[in-house]
Amino acid sequence: MKYTWKIGGEAGFGILTSGLLFSKIANRHGYYTFDYLEYPSLIRGGHNALEVVVSDEDVKALKKDIDFLVCLNEDTYKFHKHRLTSQSYVLYDPDEFTIPEGNIIKIAVPFKKILSDLKGQLVMKNTIAMGASLSILGSDLVMLNDILEKLFAKKGQEVVGFNKQFALLGYDHVKNNFSQQIRPHLEHRDSEEKVVMTGNDVFALGAIIGDCRVYSAYPMTPSSTVLTTLAAWQERTGMVVRHAEDEISVINTALGASFAGVRAAVGTSGGGFALMVESVSFAGIAEIPIVIFLAQRAGPATGMPTWTEQGDLLFAVHAGHGEFPKMVFAPGDIEEMLELTTKAFNISEIYQTPVIILSDMFLSESHKSVLRTYIDQLVANYKIDKGKIISPAKPSVPTATPAAPAIQQSLGQTPGTISPSQDTKQPPVESSTQPSRNQVPPTLTAVPPTGADLQQAAQEKYLRYKLTGDGISPRLIPGAKGHFYQVNSYEHLEDGHTTEDATARKQQVEKRNKKWDTYLAEDFEAPKVFGDMNKAEIVFVSWGSTKGPILEAQKLLALQGKRTAYLHFTHVYPMKKEQIVPLFPNGKKYVLIENNSHAQFAKLLLMETGIEIKEKLLKYDGRPFWPEEIMEHVTRNM
Amino acid sequence: MATIQDFSGYNPTWCPGCGDWGIGISIKSALVQLGLDPSSLMVVFGIGCSGNMNDFLNAYAIHSLHGRALPNAIGAKISNHKMPVVAIVGDGDCYGEGGNHFIHACRGNHDITVIVHDNGVYGLTTGQVAPTAQKGFKSKSTPSGIIEVPVNPLTLAISQGATFVAQTFAGNANHVIEMIKEGINHKGFSLVNVLQPCVTFNKINTYQYYMQHTYKLPADYQKDNLDEAMKQGLEMSKEKFPLGIVYQSHRPTFTDQLNQVGESTLLERPRFTQIETLLKEFE
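Protein chains in written order, with UniProt numbering: chain L, 1 to 638; chain Y, 1 to 283.
It cannot be assumed that every hint is accurate.
[As the list claims (entries may be wrong)] Computed from the model, here is a short list of chain L residues facing chain Y with C-beta under 7 Å: (1) GLN87; (2) VAL240; (3) VAL241; (4) PHE259; (5) GLU335; (6) ASN488; (7) ASP501; (8) THR503; (9) ALA504; (10) GLN507; (11) LYS616; (12) TYR620.
To be clear, the hints were calculated from the coordinates, so they are not data collected in a lab.
On a predicted model such as this, the values are computed, not experimentally measured, just so you know.
Glycine included, every Cβ here is placed at the ideal spot set by N, Cα and C.
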């Protein structure tokens, strides 16, 4: 069972809130939902609409036919009537506008009369509509009333009661006048415990799970709710959220925080990221870890702020002047967002590089059901891995009187505890927070906590950019007594000192580049394969938020007897050619699917692997793919 | 007790006679006199002749991008507010490229000390005009003389909420040391604008020039008087440069007002693990 419920009305009158309410009620009834909102980049006067796909199984894409359309104004009907079928229900008020006789099921609800009879505010039209919707779906008002009570509890029982009666009137009106039309699609069913979250919500959650302690941002649609969510949580989580003066300050605040030892992230959309780009390069050469959340919208420049596009892939991949390693991850859905966000915080520290998480409006702002067990398991299994970090087990102070606390780092712990500085003899001990990774090169391992070797080590100068086999130089958190170093935006020697020496330059370039080799060997993940590659005639190739629509299209095509597979890339840059080429055997028909006009992933794939995909289905009107249009493309071309 | 030697890194590469030499030794002296050592503070450098001090001064340091030292310093302070944080920057760096950051760092009363090398030119790019140059200053990028009037760092900082604004002159090392010490000891955003001759590219604002155009604030000067501070600051537009603490006031710093930090720094505090409490709002 699967259907779409859609509500629309004038911007500024609570449409989006009602939509989320509907998603939550459906989830509490035991269903899975996926929603999508359409809104203009203004606060009042435009058209807002939100649709929820409700299903008894996990759902991550829209469907083209609307089954229940709730029209709080005429525009809702006009803008969406092309998606109605003879089975579609349209809830509207004939006193507000007329719908010509046609092939739909009309459910007349007297919004206007109820409002004026009870002297309700315009926003309460939503409450009537919710009551009417729950009624036509054969549900009850228990959860809606519960939510209204919580929402208005502070304003007193009178206000609660006042709001509830609008829900009841909408509900009773449908029940009394359209009892034959009621379709029992929202009855209670048993289901696992779920939450309803957007991609942005999940990035915020992932940042907290990943122990990010500084989040810096400047509001920019569609990334802004990460900022507001983390800000709302900060007193509880202890994270510091800085809404800085511009995106350049945003990223440099985060880099300063990261230098000083905490995990830091920034979030923005394309325009804001453009301002950050010089500093991405800075993070690259200075080797400062940072996670960058880039929620794409339809560009270029200001573009279409509230609409979706995958137009910044190559920009993200190439962001930053000069050559330095970075990683770009592109989650395809909410679950992958959580997985890759938490991974990104580890990867950025292990490799001391920028890691970009690419989202887009469709992923960032659509709500989806997520199983609690999924989140709980991820939290339980997640290990903070800070990579190679030098831990002065006891402070060593060869030169000066201790004035500041020494940082002590121990296995599995973040960022460490203060220990009184009393011992002036013991040197730094190197450790990786996850010894199993075995990344500490031979020269750095097995340093015992005591002994003559250590006496010697203590006298060795700490080298921030020490040449190592894997390209990763151990970090030392500022504050450790007896040491100091500089991180440098200039090319530098191993100790961080500025240099223009040809040999040193070459060594440092190669050291940084090696981090990519290490990453590809240790942490790169090949694309996920959905469907049977051996049997498939058609293989979809894509990345990011097109995942949901493609998976849905595969199901539709299977019903037509068409065998498909789908290669879904999440670790989009850099790519490990040797792992990818075998996934593209000859004799298949490959179809690239992207939400942009330049086929950016096709270019990236060609650049990284030599694989060229000729057939492309591209969409760049600011809207996500319909599973149906992917299906139709295949049907038409085969 | 750390010594000047402990703070000394590689040998400086400044031009002979450059004001940076005086500022460099003054900074080290101030740090020593404050009882700091290279492990106990964080320093962020901008890009320019001033920023090159990164290689000559030992500390936990960032040699940042041009203009971006202040947000780096703010981030470092938020991470570990118990460590002193100093930004060593140039006039073009801080008032030009990083002007927006400067304004907002003042507003936030971030507890960082910003030492600006103010010589009126871009030395490292061979002598183009800086935003602090006097109107009409001829340079390679303004051969007919600069059209704009100079930025006034003092009144700008004061009006934007800085709680410590001082000016000093690189020709008087003792005064520079004194101002830097006061600036670092001040809790809140502190600006130390150091007037500094560029002997190579600025033939106007020489040591002689500053000898003639600077004046020391009187001993009974009321540095907490905002109106008087603005008045002294505005003397700059008449090419009269006050030396001393032009303005000082007290209000809570940025990190003072964060409940997330306090006894414990952000770096030290235990990891937040009660993830389930965050999920309630999504049910």
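Here is how each hint holds up against the structure:
no.: 1; hint: GLN87; verdict: violated (32 Å)
no.: 2; hint: VAL240; verdict: holds (5 Å)
no.: 3; hint: VAL241; verdict: violated (9 Å)
no.: 4; hint: PHE259; verdict: holds (6 Å)
no.: 5; hint: GLU335; verdict: violated (14 Å)
no.: 6; hint: ASN488; verdict: holds (4 Å)
no.: 7; hint: ASP501; verdict: violated (13 Å)
no.: 8; hint: THR503; verdict: violated (18 Å)
no.: 9; hint: ALA504; verdict: violated (14 Å)
no.: 10; hint: GLN507; verdict: violated (18 Å)
no.: 11; hint: LYS616; verdict: violated (37 Å)
no.: 12; hint: TYR620; verdict: violated (32 Å)
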